Amino acid sequence: MLQLLLVSMLATASSAGDSLLRIRRAAVDVDNAKAVHSIVDLAECQDLKKLCTHHKSTDNLSMLECALTFSSSQLEDLPEACQHALWLQQRQLQLPAWMESSFLPSYCPAERSRLESCLNAVHLWSCLEQQRLKLPQNNACHQHLRRAHESLGQDYSAVDEFYTACGSVVEEQKCGRLNIDHLDSVLSQLGTVQCLQASEAKSSLEPICQAAINSIELQRGMLELFRVCKEDLSSLCSQEKSGTAGGFKCLMRHKNHPSMSPQCASQITLRDQQMGRDYRVSHGLAKACKDDIKLFHCRRGVSEDKHVRLAQILLCLESVSKNGTKLAPACLTELTDHRRMLMTDYQLSPELLNDCADDIPKFCPDEHKAQLVNGMTSTGGEIIHCLLEHVKARRQQRRVTAQCQRGLETLIKASDAGEDWRVDPVLRRACKPVVDVACKDVQGGDARVMSCLVEHIGTPVMLPECEQALLIIEYFVARDFKLDPQLYKHCRDDAVKYCRAKKQWDDAQNIQMDPERGPMILPCLHRMAFSEDEHQTLRKDCFKEVKRVMRQRAISMDLIPEVEDYCLNDLSAFCSDCTEKGTEMECLQKNMDQLHSECKAVVVKYTEEEAAHVELNPVIMNVCGEAMEQHCSSILKSGKDNGDMMDCLIAHKNDADLRKDLRCRAAIEHFQIISLKSFHFTTKFKEACRPYVQRFCSSSATKNEVVACLSEVMRNDTIKAQRHQIPKECRHQVKAQLYQQRESIQLDPKLANACKRELELFCEKEKGPGQVNEKALECLIRKTPSLGKNCHHAIFMVKKSELGDSGTDYTLLTTCKEMIYKFCPSTDSAKLLDCLKTYKDDTQFDQRCHLVVVNRMIEQNTDFRFNPSLQSACGKNIDRYCSNIVASALPNEELNGKVIHCLKDKFRQSALDAPCAQEMIKILQEQALNYKLNPLLQVFCKSEIQELCKANVDSDEHGQLAECLKTAFLQKQIINRQCQMEVATLIAEAKADIHVDPILETACTVDLLRYCSKVSAGNGRKLSCLRTLLKDTPNSLEADCREKLQRRIEMFRNADDTLALPPEDVQQLVQQVVASPARKFFLVILMSATGLVFLTGIFLGRATKRAMGLKNK
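Numbering of the sequence shown is given in our numbering, commencing with residue 211 and proceeding in unit increments.
Treat the hints with caution; some may be incorrect.
[What the hints assert, rightly or not] Lysine to aspartate or glutamate pairs mimicking DMTMM-like chemistry, simulated, CA-CA at most 25 Å apart:
| # | residue 1 | residue 2 |
| --- | --- | --- |
| 1 | 1152 | 927 |
| 2 | 602 | 819 |
| 3 | 1152 | 1173 |
| 4 | 440 | 391 |
| 5 | 699 | 656 |
| 6 | 850 | 772 |
| 7 | 930 | 1103 |
| 8 | 412 | 427 |
| 9 | 1224 | 1242 |
| 10 | 440 | 450 |
| 11 | 960 | 879 |
| 12 | 1027 | 865 |
| 13 | 894 | 796 |
| 14 | 993 | 939 |
| 15 | 850 | 836 |
| 16 | 602 | 651 |
| 17 | 1142 | 1115 |
No lab work stands behind these hints: they were computed from the structure. Owing to the predicted nature of the structure, the values given are computational and were not obtained by experimental measurement.
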């Protein structure tokens, strides 16, 4: 039964091949070819005469024939010297020189010339056998050749190589021994080998001889294994034959079977250890891959007498296969089988036995205890997986030692576990149900099934135990791009070209590529994938693979070595509870400010890449797939992202479908919140504005601070009407970021923190989808008078930004979207509010939008800094007339209309420049129509509005309440002096320009067109035209115009009286008299008073002179 095993073993002992036969012939000493005179005559071989009496001849060939028929006990009784003589005779049968000088002359003299042609043949006895068969059977030479061939033994070719390798030293040490146990093939030399190992020449054996001895020892171990495991083979592997490679593999697979005997399991374990140290113990591998090992120099210069580790051979053969060379099919089969063996039994890896000797009992005590008690390893790779699990432990004290980790890395690479999910028994058992469901149609090979499994992590079909086992293997694959077959296949050349990768798959000098020992290839490839340099781009198939791998890696921090290796302590400190897909990176991003410097640096870098390439964000990819397909399909099809996908999702997140998809919306907003930590996290903004951030905002830390800084620069340039220092693309990005901030208060942490108390107090109910406080900003703006100092200041800056550029006003743009499209389609976004003001009273204008526009106008009138048009038109006038008000203003607090009030006074006096006057007309017109736009009027006339004009408070915005207050003023119903002054001012403003009084202007529209169309506007000229008509031809005016004009003239008189304040100095007195309509009356009075004083002086002077004269007398 052992015959088949031993036949297969012949190839493993052979390393010299056919050339050794030729070398043997050249090296044989002719003296050795001379026959021993007679074996039977030796003193040590006298027993042969007694035991071989049935042989008629006593020549050496007959004695050898006789000895080969002895039983084991008879052979054992023969003296060693006699055994050596017989061994030597058997060896000489294979020597051409001995055949030529002794055999042929003695046994085949007549046929000698015919047979001598075989002496130079490659296979001597093959040639002789062919010639023998041509001879008659009764020929004497025929009979002698048959006897000699039978004496050689059936597997003489395998023994011949041992003879060649060790023949001379055997003769020297007289160690030739017969096959006492009647073993087949080269094992027939077992006694000879034992003698050599016990001899003094053991330490000085030639390498080729030592290799032959090692081979025989290995085969002896296999023989012992099958002897011990005979019953186990019969019961567990009945389909396999004893002594075959298949039988051995079957026994290995069942090593931990409950029914296997401890003795057999122990033998297999011993064999495993030997196989790990020397691949030749695995005769199936050695035989099937013999030619490939030799062809591709897998022994790497190691001499034949030295052991070569199984891992080295596997790595070499895998490297050959990965680099595109096809191995023999039988060798590939053996390669796959041995990869599975490596992952099943850690004892096949000497590195693990040595390097993890302390780690196994420390981290895997249960499995180790079972091994010690039962004398067996764990059931199918549990110890290996236990160690692998502790490579990726978060806490340093729970991690295996560095040397053990290196051993495990070698194991994963040698087994190529990332290529075939079936190689790892733990992974195979855990993931088979998943594969059967999710990956049943995936073609095997090149890690396609592994990739399918990774794609299903986090999905309902994935099992926890499968995900755990899968991530353990992928942990190592992520750290060496060569372990991903598809990636390596398509990107090898690009990796060598751009990323300093090694040309060969297996590199003994650099087995692993990680942050400690080499460049990180995959991050390099990822950078090259999106390089803007046309001369440094990846090939299309490589680009596709890089995107796939980066997307798959993003699911777990374990698969991002460039981050995980630097953030172990921070992950333990902040993210120990994060177990869901992608949550560890989110955790690090949330706690970015508290991370250690090295960890923070890599997290910042990764977050930048995540912002540019959404496939690196597993949460978004998982929950926003439908949204991307529906709203951003063009970006998906293009394959190029560079931040476009996130911009697209942000732009559409308030669409109806995403408002319902709370998970996707929350993921998008999480990204927006994270991006606030640095402007680098917003790709388009970073690319457009980086130089200007460095120039203008170098001290700004967060993105919001950067945006606020750049926004202020833009605003100042606009107000000063000068060329923008920031280019259009950056301005666009700044506005986009401001717009996003206004969407939700969560996107403005500084504001949220400043107004935390006010939000809870005033705006708790203002919730939007996903419980995002999206309406809180509008709520806070409405509650401005009630806000605390810090919140008030923060809201002031928000209003300053929003009202300065309508393109950043989220509420205005979303509420008035249709009105903008209808009335202001070509208007610059920064001036949309001004455009909407123009059309707000249109009958087709949306009421919701109308309300927002009016509210914005109310806010603008509280402070001139909220109105860029006013600032631009009236900047010089403000500096000239109102600088004291501006100088006394508190930082970031409204002036409550004081500057506008100042400008009103100058408007009545016609002291404003033309552009400023035109702007004031617009403001005064709006204030006349809506009292809410006049903050001082609201404050000073609050009670009068409630008491006298309550019916007009809720009326439409057409100046009815202002008209009510004017009427009350005319009827002396307003008692409050401050309110009187404000209403009087409101009335007096119309004297400067009739356009400021929309009610009068509307009533007199026909008359103005008919009689005053040629009169230029301004300085009260049109009103004077109407007053002249009223005085000269009152009936020419329309009745409504005449009535309202008469009332206005009466109001003007009362207003002038109210506004006539006592002069503070002579100059003001003179100015008031000169400006008064009754200045002639004042002049007559002044002259009369002066004359009276003169006459009085004359009279008193005469009286005084007479009195002085009388006294002097």
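Evaluated hints:
1. 1152 - 927: With Cα atoms ~39 Å apart, residue 1152 and residue 927 exceed 25 Å; violated.
2. 602 - 819: Holds, because 24 Å separates the two Cα atoms, which is no more than 25 Å.
3. 1152 - 1173: Judged against 25 Å, a Cα distance of about 15 Å means the pair holds.
4. 440 - 391: holds (18 Å)
5. 699 - 656: Roughly 9 Å between the alpha carbons, so the hint for residue 699 and residue 656 holds.
6. 850 - 772: Since the Cα atoms of residue 850 and residue 772 sit roughly 23 Å apart, the hinted pair holds (cutoff 25 Å).
7. 930 - 1103: Status holds; Cα separation ~22 Å.
8. 412 - 427: holds (14 Å)
9. 1224 - 1242: holds (19 Å)
10. 440 - 450: holds (11 Å)
11. 960 - 879: holds (17 Å)
12. 1027 - 865: OK: residue 1027 and residue 865 at ~13 Å, within 25 Å.
13. 894 - 796: Between residue 894 and residue 796 the Cα gap is close to 21 Å, so the pair holds against 25 Å.
14. 993 - 939: violated (35 Å)
15. 850 - 836: Holds: residue 850 and residue 836 sit about 18 Å apart, inside 25 Å.
16. 602 - 651: Since the Cα atoms of residue 602 and residue 651 sit roughly 32 Å apart, the hinted pair is violated (cutoff 25 Å).
17. 1142 - 1115: OK: residue 1142 and residue 1115 at ~19 Å, within 25 Å.
Hint violations for this structure: numbers 1, 14, 16, all remaining hints satisfied.
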